[in-house]
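Top to bottom, those sequences are chains A and B.
Everything in the first sequence is counted per my numbering, starting at 842 for the first residue and increasing by one.
Everything in the second sequence is counted per my numbering, starting at 980 for the first residue and increasing by one.
Hint data in this document are derived by calculation from the structure and do not stem from the laboratory.
One thing to keep in mind: the hints can contain errors.
Cross-link-like lysine to any residue pairs, in silico, SDA-like; alpha carbons within 20 Å at most [unchecked claim]:
1. B:K1015 x A:K962
2. A:K962 x B:R1126
3. B:K1184 x A:L863
4. B:K1012 x A:K962
5. A:K962 x B:W1121
Cβ-Cβ distance ranges computed for the label pairs, FRET-style [stated by the list, open to error]:
6. A:L893 x B:G999: 30 to 38 Å
7. B:D1129 x A:Y902: 45 to 53 Å
8. B:D1225 x A:A850: 47 to 55 Å
Quick reminder that beta carbons are idealized off the backbone N, C-alpha and C, glycines included.
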Amino acid sequence: MIPAPDFAAWLRGASSTFVTTLAGLAFETIPFLLMGTLLSAVIQSFVPDRSLRRLFPRNRYLSILVALVAGAFVPICECGTVPLARRLRQKGLPLSTSVAFLVAAPLANPMTVISTYVAFKGTGYPVFALRLGFGLAAAFVIAIAVELVSRNRPRIDITGPTRRLTRLEAPAFPAAPRLPASLAKPRASLGSRLASRVAETFEHASYDFLDTARYLIAGITLAAFARALVPSGAILRSLGQPLAATGTGLASAYILSLCSSADAFVARSLFAPDSYHAVLAFLVLGPMIDLKNTVLISRFVRPGLLAAFVVLALLVVGAMALVASPLLEAL
Amino acid sequence: MTKVREISASRVARSAIFLGLSFFISWLAENGKLAKLVHPRMNPWIQGAGILFLLLAFAQMLWISKRPRRPDPASFFIPIAYVLAIVFIFVQSATFSPGRFDSGSDSLAVENAVISKRDKAAAKASMGPLPSVIAFDDDRYWTLYNRLYDDPAAAQGHRVVIQGFLVRGSAFPPGTALIARNLMWCCSADMAEIGLIAQDPAVDKFKDSAWVEASGRLSTTDFDMNGLGKKTLMPLVVLDSLKPVDKGETSGVIFPF
């Protein structure tokens, strides 16, 4: 506990950490959330449901694999992938495919791979390859688990508690004006149709961003509180034993809620590069799920499913770090 | 033909929010305040977001129609444009030179060139010998910091001049403090204090976080920086002088990449 005479000093330090973390995370994540909602809106407006479903195989396991690969083509971090994954689900893709994309895209995107490579360059450990390989393997396991659970419930609706989102498709959407006669005609000109779709894209992006941003801000606030309350010395003290080091890596990744495009630099400075347990756990779990994203995803997913997802991710990544680290150390 | 426009209160509110966000981002960027919050390499993303917010604000004022049912060529061109954009971003990321988005400093470019070499010893050799007086300016801070901590013994006897704020950890004995700066990898949420340990009774005359300029001679010490019972060999500045300085315009932040 904090000794009483130092409480005022501790409080000053904690409030400074809180404000600094809050502002930093907000400016780091909001551009990516905006990109994510914009891409999601483009998919909604320009890609017909049938065309999107055609991109993914009917076999659900193959569909999961395609979703894992698709992550490499989305250059945004985890905040941006949440609205995209939700859109894939709304377009009729299986829950397991959406989850595979949600979990894999922040790990496989070019920014994460390159920043990890740069951060650990010169250490003699191929950390970027380990992160990508173990991350995609963990994502596959998680998606398969989701598939097995949801296989017999094909009509499961992850957006159950968020009926208000369907306002976008409903004629009663308050901001949507009446359709003018010229555009109501099926043979409207190409320019009119394009303008209409662009306008629709902006409308979806506006609504999605404002709807999602408040959850992101709540998540960031929680993460900033956690950061201010957890002393950094506590992280360093627990790196001795494999189990403690793995737990520290997982807890740090979850609480710090750092962007996947930069967390490798923090891992490099926080842990020794040969502390495989902590490094692997930190680098693989962080992009999949963290405190701010848990709050963000809670906007779209039922609490029970979200809790199961978080626990599953912690267990899979923790087990992987514990099993893989001794093998890597022996190399 | 009459255009149907419907400006609802919610649409005006959303437009105001987006306009506010856009102007706030522009103001932060214009006044250099973003540098305290995020790494300069994030500036293009943030300023891009500012422009997008502006577009969203204007779009809120325009009228929105339902999607026409017939397919059109846009469905074909949009994916192509997206692939081209991805390729562009990929190429930009792959050829990313960290110094490029910074203040045009040559030393950061040198740092990149060094890091790209495999052999660490060769990298050190290519940087040349340490100067007799090591001046920690913003541009060379990270490079010099790494060199001193990688091989503290090599720098023994050199004179050093360093500015920063005073930090006293719980494990620090009297007359000892860290002359620190904040190191930012991506945003202020991942900042960490780094610097050199200075030793002299004069240190105790200053309050924590006071900005000082320290000069002295480099030595080494076995020090338990975090109070974890694990001592590490690290550079130590035996102070000749310690004077207060005005923090001035500097944000106190060092960007390693």
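Each hint, compared with the structure:
1. B:K1015 x A:K962: 27 Å, violated
2. A:K962 x B:R1126: Given that 20 Å is the threshold and the Cα spacing comes to 16 Å, the pair holds.
3. B:K1184 x A:L863: Distance of about 33 Å is beyond 20 Å: violated.
4. B:K1012 x A:K962: 31 Å, violated
5. A:K962 x B:W1121: Given that 20 Å is the threshold and the Cα spacing comes to 16 Å, the pair holds.
6. A:L893 x B:G999: 30 to 38 Å: 34 Å, holds
7. B:D1129 x A:Y902: 45 to 53 Å: 48 Å, holds
8. B:D1225 x A:A850: 47 to 55 Å: 24 Å, violated
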